[in-house]
Each structure stands twice: as C-alpha cells, then as structure tokens.
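**Q** So the chains spell out like this:
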Amino acid sequence: QKEVEQNSGPLSVPEGAIASLNCTYSDRGSQSFFWYRQYSGKSPELIMFIYSNGDKEDGRFTAQLNKASQYVSLLIRDSQPSDSATYLCAVLGGGGADGLTFGKGTHLIIQP
Amino acid sequence: DAGITQSPRYKITETGRQVTLMCHQTWSHSYMFWYRQDLGHGLRLIYYSAAADITDKGEVPDGYVVSRSKTENFPLTLESATRSQTSVYFCASSDRGIGNTIYFGEGSWLTVV
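Heads up: the sequence lines are chains D and H, in that order.
So for the first sequence, my numbering puts the first residue at 1; every next one is plus one.
So for the second sequence, my numbering puts the first residue at 1001; every next one is plus one.
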C-alpha cells in the first residue's frame, strides 16, 4: 500500500513570511512528485511538480525533493492571504501506471 | 477551451438507485481517472483508463463501474448507491507528458440518502 503522509494542520503563517509544507512517501520507486492547491469547494489545481533531487523554483514557490529520505516539501515565499488553502502532495509510483497517490493535505492559513 | 467537464455537478439520490456521473474532456488526453474525496481520507483513486476500451481498478473500486468507449468520455456508474458513497467525485485526465501531470474537473457532489 503506497502511502503519502502530510501534517493536516492547520498551519498558520503571518502574511509575508515563508510557509513550509512537508510530505513523506513510502514507495521508493516513486517517479514524480506534485503539489496541488485546493480551495474550499473547488477542485485541486496544480502548483508544480518535481522529479529530480534538489530544488525547483517557480515564482514564489519552491519544491524540494530528497529521494534518499523520501521527503518532498513546498516553500511559499512572501505568503499572501490568497495562499490560504489546502495543499495536497501527490506521488506517481514506480511504473507510473495507476494514477497519483495523494496525501490528505495540509490546511494553510495566512494571517493578514 | 473547456478542458474537463463533469455532470451533474450536484445530485441527491436514494439508496439503491443507479447513478451515473459523466466526464468529458476536450484535450484528447489518453489517461482518465475517477477520484473520490472524503474528509479524513483525502483523494482516493476509484478507476482509471489508459485509452479507449482499457480500464483498471484503483484503490476503492467496489460498487462502481466505468466504461470508455470514446477517448473523450469516461462515465462512472454507481450500480446501487449506498450512503457510504456520499462524496465529492473528481474526474481527471493526463496526456502522460510533462511529468505526468493530471488535471481535474470541477467535481460532482453526490449525496445518497
């Protein structure tokens, strides 16, 4: 059983600070790693993906991957109230055939 | 560009009734997925399809049936709805390019009473 673990939160961060979201996964054969943002009552939307060890930056967002530790994180710089949402970590397993496995999500609150 | 559309968006049905949730995508993506999302469980894969006429079970397939006669459509049928199938259902698709990203439809809120 592939597992993706996230702290459910809520994680409360002051506006303008860096929000750090973490995720661990159980399948060592996992290939690709995704961060989705989901606003209440809406569908998940892709923020970014990463498949190589190290950091990947896209605007205010940085994804970090450490396959040896089976750990992936998302940093949000200069956090804005509009970043308040649930952030879902998702993993594509080895072979890539059976869709993404999602964590339960971390609820992030940016305090103005 | 419509992307993925789901219908109905909201439905209330009775226990034992058959319900079909429709999913249509305009991107010609080869892969399509059905997920359900519940508090405490997150998103769980019900069924997926790699191409027309090819479907496979996900994590929670019991009580559901899918078909894919055309690439663009992937309906999900609850043969005899139960209260435990009250959930939000998301259809998704992927072309398996660019990191195998999948894209979600807007969701179908189903209540079984």
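Among the clues, some could well be false.
To be verified - List of simulated lysine to aspartate or glutamate pairs, DMTMM-like, C-alpha gap at most 25 Å:
hint	chain 1	residue 1	chain 2	residue 2
1	D	Lys104	H	Asp1056
2	D	Lys42	H	Glu1106
3	D	Lys104	H	Asp1038
4	D	Lys67	D	Glu15
5	D	Lys42	D	Asp78
6	D	Lys2	H	Asp1038
What the hints contain is simulated information worked out from the structure, not anything from laboratory work.
**Q** Hint by hint, note whether the structure agrees.
**A** Tested hints:
For the suggested pair Lys104(D) and Asp1056(H), the alpha carbons sit about 23 Å apart, so the restraint of at most 25 Å is met. A distance of roughly 7 Å separates the Cα atoms of Lys42(D) and Glu1106(H); the hinted pair therefore holds under the 25 Å criterion. At roughly 9 Å between alpha-carbon atoms, Lys104(D) and Asp1038(H) fall within 25 Å of each other, so this suggested pair holds. A distance of roughly 31 Å separates the Cα atoms of Lys67(D) and Glu15(D); the hinted pair therefore is violated under the 25 Å criterion.
For the given pair, Lys42(D) sits about 24 Å from Asp78(D) by alpha-carbon distance, which is consistent with the 25 Å threshold. At most 25 Å may separate the alpha-carbon atoms for a hinted pair to count; Lys2(D) and Asp1038(H) meet this at roughly 18 Å.
In this structure, only the earlier hint numbered 4 is contradicted, and the remaining ones agree with it.
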